[in-house]
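Colleague: In order, the protein sequences belong to chains Z and A. In this text, residue positions in the first sequence follow this note's numbering: the first is 5, and each later residue adds one. In this text, residue positions in the second sequence follow this note's numbering: the first is 10, and each later residue adds one.
If you are wondering where the hints come from, they were derived from the structure by calculation, not from laboratory data. Note that beta-carbon positions come from the ideal geometry of N, C-alpha and C, so glycine has one too. Mixed in with the good hints, there may be bad ones.
[As the list claims (entries may be wrong)] Calculated Cβ distances over 12 Å to all of chain A for the following chain Z residues:
no., residue
1, 14
2, 58
3, 60
4, 100
5, 115
6, 188
7, 194
8, 199
9, 211
10, 218
11, 219
12, 246
13, 305
14, 315
[What the hints assert, rightly or not] DEER-style ranges, computed between Cβ atoms:
no., chain 1, residue 1, chain 2, residue 2, range
15, A, 86, Z, 218, 40 to 50 Å
16, A, 89, Z, 197, 33 to 43 Å
17, A, 12, Z, 200, 16 to 26 Å
18, A, 109, Z, 314, 34 to 44 Å
19, A, 89, Z, 212, 38 to 48 Å
20, A, 109, Z, 10, 48 to 58 Å
21, Z, 228, A, 89, 14 to 24 Å
22, Z, 104, A, 112, 13 to 23 Å
23, A, 89, Z, 117, 22 to 32 Å
24, A, 109, Z, 100, 20 to 30 Å
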Amino acid sequence: MSAGEILLNAFFYVFALVALGGALAVAISTNIVRSAFALLAVLFAAAAFYAFMRADFVFAAQILIYVGGILVLIIFAIMLTHRITDVKVSNDSSHGPAAFFACLCVLFSLVVVIATYKWNRGVAPTEVEVAGDTAAKRPPVRLHLGMLQGDGKTGAVRGGMILEGRGFLTVETRELPPGWTGARIQIARAQKAAKAGDPPPWVAHKWAEGASTVEARDLPLEAKPAGAHAASLELTGLPAGKYRWSVALVPEAAGASPSPAAGFGASGESAACDFTVEAGLSRPIGMALMGPYLLPFEVVSVLLLAALIGAAFLARKEVKP
Amino acid sequence: MTTLQPYLFTQRPLENLLVISAIIFVCGVYTIVTRRNAVSILMGVELVLNAANINFVAFSQFSPAAGIHGSVFVIFVIILAAAEAAVALAIIIGIYQNFGRVDVDQADLMKG
Chain Z
5 MSAGEILLNA FFYVFALVAL GGALAVAIST NIVRSAFALL AVLFAAAAFY AFMRADFVFA
65 AQILIYVGGI LVLIIFAIML THRITDVKVS NDSSHGPAAF FACLCVLFSL VVVIATYKWN
125 RGVAPTEVEV AGDTAAKRPP VRLHLGMLQG DGKTGAVRGG MILEGRGFLT VETRELPPGW
185 TGARIQIARA QKAAKAGDPP PWVAHKWAEG ASTVEARDLP LEAKPAGAHA ASLELTGLPA
245 GKYRWSVALV PEAAGASPSP AAGFGASGES AACDFTVEAG LSRPIGMALM GPYLLPFEVV
305 SVLLLAALIG AAFLARKEVK P
Chain A
10 MTTLQPYLFT QRPLENLLVI SAIIFVCGVY TIVTRRNAVS ILMGVELVLN AANINFVAFS
70 QFSPAAGIHG SVFVIFVIIL AAAEAAVALA IIIGIYQNFG RVDVDQADLM KG
């Protein structure tokens, strides 16, 4: 494990301890003010988890709305509904043992499900066909192109989008005819179109590979169970933008050129897969809220208005006739 | 340490987050079930909502082809939690003005 990984784990488990201790304190503290401040710890720890998950917009919303809004509201309510003298022992509970047993059972079943279920972290693939070459007697091959985020082995797939930072491109094929050993990966980046409405021109993208920059990379296709073969390429520091990556199979013979199926532009698009690199979640969330989620967004705004009026109506002073 | 290594956060982020959110959820349920004070019950509800939110974002970020939908849903949940907290606290203050306390088992005027 690298030092960064150790540090990441250490910070994560510190925040996990804060969250669990806070949640327990909310559940069993006899002092309601202490409960409220324990809730503060839980909310901050949840914000930290969003940061660990690279969900920056949710992180900011959590702190602004939960910590800055809801928690302050709750503390206000505590102060308004308790005299200073009875704040100390004001949080009595009932049916403790039975509820504890029931909650323990629920927790046990949840943890068993989480630990035993095989969470799908395989590549969500785009299937493409690499055309064969009759002259060279190469049959066509079906390739599965996918993307991974996180560490290449267990990381997660994000369909069509990775965040700036670390990402993995993976190639998987169910059948690999003899004579082919590797995959050549090339990346193109979309440039600004000359005229609005034109499709963006694709330009080969050079990326850093150690000390040098490379334009293409040959990867050996490693054997996987059930006859499959796979290769994956780690990408770091791709700037935000639209990308297209393509795969060509590399024949065994030294010096031979790769299979012509993959390439950029009109001829090789069938063997390519598009992805975008996002600088953060803010832009995708904004696009989603103003696009497919526009109606729910508006409905929620009406609901907020209704809640505002309702709260003001409930909290107003009774006017005696 | 080496035996623990495959189970750490950097290796299995999804499972780690799911277990933590399960514990937070159970604490919230326990709070809702056992408390008499209405404000405490509201805090339990916030715990449950937070556990659900952590699950949403975790699945959105760490599972195949989930896209952005989990994170968008979390934004809606946070907004609804804010609205719910405002209305519930207004009700609680109304109960306090009428009964002088905020114990939920005392507010039984609507009991048949």
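Colleague: The structure should be examined with respect to each hint, and the outcome stated for every one.
Modeller: Hint by hint, here is what the structure shows:
no. : hint                        : result
1   : 14                          : violated (10 Å)
2   : 58                          : violated (7 Å)
3   : 60                          : violated (10 Å)
4   : 100                         : violated (6 Å)
5   : 115                         : violated (6 Å)
6   : 188                         : holds (25 Å)
7   : 194                         : holds (20 Å)
8   : 199                         : holds (30 Å)
9   : 211                         : holds (24 Å)
10  : 218                         : holds (27 Å)
11  : 219                         : holds (29 Å)
12  : 246                         : holds (16 Å)
13  : 305                         : violated (9 Å)
14  : 315                         : violated (4 Å)
15  : 86(A) / 218(Z): 40 to 50 Å  : holds (44 Å)
16  : 89(A) / 197(Z): 33 to 43 Å  : holds (41 Å)
17  : 12(A) / 200(Z): 16 to 26 Å  : violated (59 Å)
18  : 109(A) / 314(Z): 34 to 44 Å : violated (23 Å)
19  : 89(A) / 212(Z): 38 to 48 Å  : holds (44 Å)
20  : 109(A) / 10(Z): 48 to 58 Å  : holds (55 Å)
21  : 228(Z) / 89(A): 14 to 24 Å  : violated (44 Å)
22  : 104(Z) / 112(A): 13 to 23 Å : holds (21 Å)
23  : 89(A) / 117(Z): 22 to 32 Å  : holds (26 Å)
24  : 109(A) / 100(Z): 20 to 30 Å : holds (26 Å)
Checked against the numbered hints above, the structure breaks hints 1, 2, 3, 4, 5, 13, 14, 17, 18, 21 and satisfies the rest.
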